[in-house]
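Asks: What follows is the residue order along each chain.
Protein chains: 2
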Amino acid sequence: MSGKLGRPPEDRVQRRREIWDAVGPLIENYGARSLTMRQAAAASFLSLGGLYHYFPSKRALVLFGMDQEVHERICLEFEERYGHLKESDPRAAAEAFVYFFGGKVSFIRPALRAALELGAEEFMARLEAGINVGLEDFVKTLSLALPDADDRDLRAVARSVRRVVLAGLLDRSITQSEVEEELRAVMSGVPGGRRLSRPLASVPT
Amino acid sequence: MSGKLGRPPEDRVQRRREIWDAVGPLIENYGARSLTMRQAAAASFLSLGGLYHYFPSKRALVLFGMDQEVHERICLEFEERYGHLKESDPRAAAEAFVYFFGGKVSFIRPALRAALELGAEEFMARLEAGINVGLEDFVKTLSLALPDADDRDLRAVARSVRRVVLAGLLDRSITQSEVEEELRAVMSGVPGGRRLSRPLASVPT
Chain B
1 MSGKLGRPPE
11 DRVQRRREIW
21 DAVGPLIENY
31 GARSLTMRQA
41 AAASFLSLGG
51 LYHYFPSKRA
61 LVLFGMDQEV
71 HERICLEFEE
81 RYGHLKESDP
91 RAAAEAFVYF
101 FGGKVSFIRP
111 ALRAALELGA
121 EEFMARLEAG
131 INVGLEDFVK
141 TLSLALPDAD
151 DRDLRAVARS
161 VRRVVLAGLL
171 DRSITQSEVE
181 EELRAVMSGV
191 PGGRRLSRPL
201 ASVPT
Chain C
1001 MSGKLGRPPE
1011 DRVQRRREIW
1021 DAVGPLIENY
1031 GARSLTMRQA
1041 AAASFLSLGG
1051 LYHYFPSKRA
1061 LVLFGMDQEV
1071 HERICLEFEE
1081 RYGHLKESDP
1091 RAAAEAFVYF
1101 FGGKVSFIRP
1111 ALRAALELGA
1121 EEFMARLEAG
1131 INVGLEDFVK
1141 TLSLALPDAD
1151 DRDLRAVARS
1161 VRRVVLAGLL
1171 DRSITQSEVE
1181 EELRAVMSGV
1191 PGGRRLSRPL
1201 ASVPT
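Chains as they are written, first to last, in our numbering: chain B, 1 to 205; chain C, 1001 to 1205.
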């Protein structure tokens, strides 16, 4: 029976993201070591077999926040959605970056915690490389949003953003909106940056 | 032969600190996993047996930056040396804290790296507890150094100091003097804090 209509091809990465959204808080609150695949399955409304379909091992699950493929996807989505703002409305693009970094911190943090518990040699190098790519792009946007800022200003902002992001990764007491608030405070320190220092009513699409 | 004069009792903690000073940079530059006890011994001018005398295992060595005993010792020394300044010269006491936090970041960072490579469940809880104790003490000092600052200001400073310290722990690109510089910048944001915002010519003893 050729030509049979099956279900549409599944968006596996997206499905893994949804599971991660459910499991991340468990890791943050109880740790990766004590987490069982059964608990993770329950939190994701999946059977144990269903969970193993998406994550072949607990290690793959608890370190997913640093998975290369999902970060490429997140960056691609960001670029598709907000990339055009860089030229047309750099201020909105800068604010979009604030949300982007805030979201990334929340996404990665449980995996950093898991890495600290279980050991993950490869983790730091990937983390540093990822942050550097994001920062480069952000500085480019900021140079358009703040034409009065010189190279020194922009480098200083990039350094501060890096610090806020890294601290947010290690600090369970900081919320995503606090990360965003601090990033705005950092930008407002640059000449002309004060007008970037409050959130837009909404990030335009 | 009783009454034989031996060497003075050895200061074991101090000796372990010296070894750590030599080994920490190796961990930061090459990682904990690839480090051999033989390399660590060579960097510390010790025989392999000599190194094992101080550190029974590589794990004990590479996580030493988070050792409870050494941190108690460091805090005690700080208190003995600078504690009296809190009342007599709170501004100098605040600056002493800046050096203290800067030094702690450098001391702990290789162990955080090692924990990320090898896994160290207990690491984060200890780290958070340690930072909180240090911050409490710092805020007390700051309230004396900055009588115009209210509780809200001081809490904000404590939060920012926490961020600078945590980011410094994760970020190999930040130097100890940059950590100190950022801490001064944080303090200078508080009412009356600008006079704390430059380093003293020397930290008085």
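Bear in mind the hints are in silico, worked out from the structure with no lab data behind them.
Every value quoted in this text rests on a predicted model; they were computed, and no experiment measured them.
C-beta atoms are modelled at their ideal positions from N, C-alpha and C, and glycine is treated no differently.
It cannot be assumed that every hint is accurate.
Interface residues of chain B toward chain C, partial, derived using beta-carbon atoms under 10 angstroms [what the hints assert, rightly or not]:
no.	residue
1	21
2	25
3	32
4	37
5	51
6	54
7	58
8	117
9	119
10	124
11	163
12	167
13	182
Asks: Hint by hint, say whether it matches the structure.
Replies: To see whether the hints hold, each was checked on the structure:
1. 21: Cβ of residue 21 (chain B) sits 22 angstroms from chain C, so the hint is violated.
2. 25: Violated - the Cβ of residue 25 (chain B) stays beyond 10 angstroms from chain C, reaching only about 16 angstroms at its closest.
3. 32: holds (9 angstroms)
4. 37: violated (19 angstroms)
5. 51: violated (23 angstroms)
6. 54: violated (24 angstroms)
7. 58: violated (13 angstroms)
8. 117: holds (5 angstroms)
9. 119: For residue 119 (chain B), the interface hint holds, since the closest Cβ of chain C sits about 3 angstroms away, which is under 10 angstroms.
10. 124: Holds, because the Cβ-Cβ distance from residue 124 (chain B) to chain C comes to roughly 6 angstroms (cut-off 10 angstroms).
11. 163: holds (4 angstroms)
12. 167: Interface hint status for residue 167 (chain B): holds (4 angstroms vs cutoff 10 angstroms).
13. 182: Holds. Min distance 7 angstroms.
Checked against the numbered hints listed earlier, the structure breaks hints 1, 2, 4, 5, 6, 7; every other hint is satisfied.
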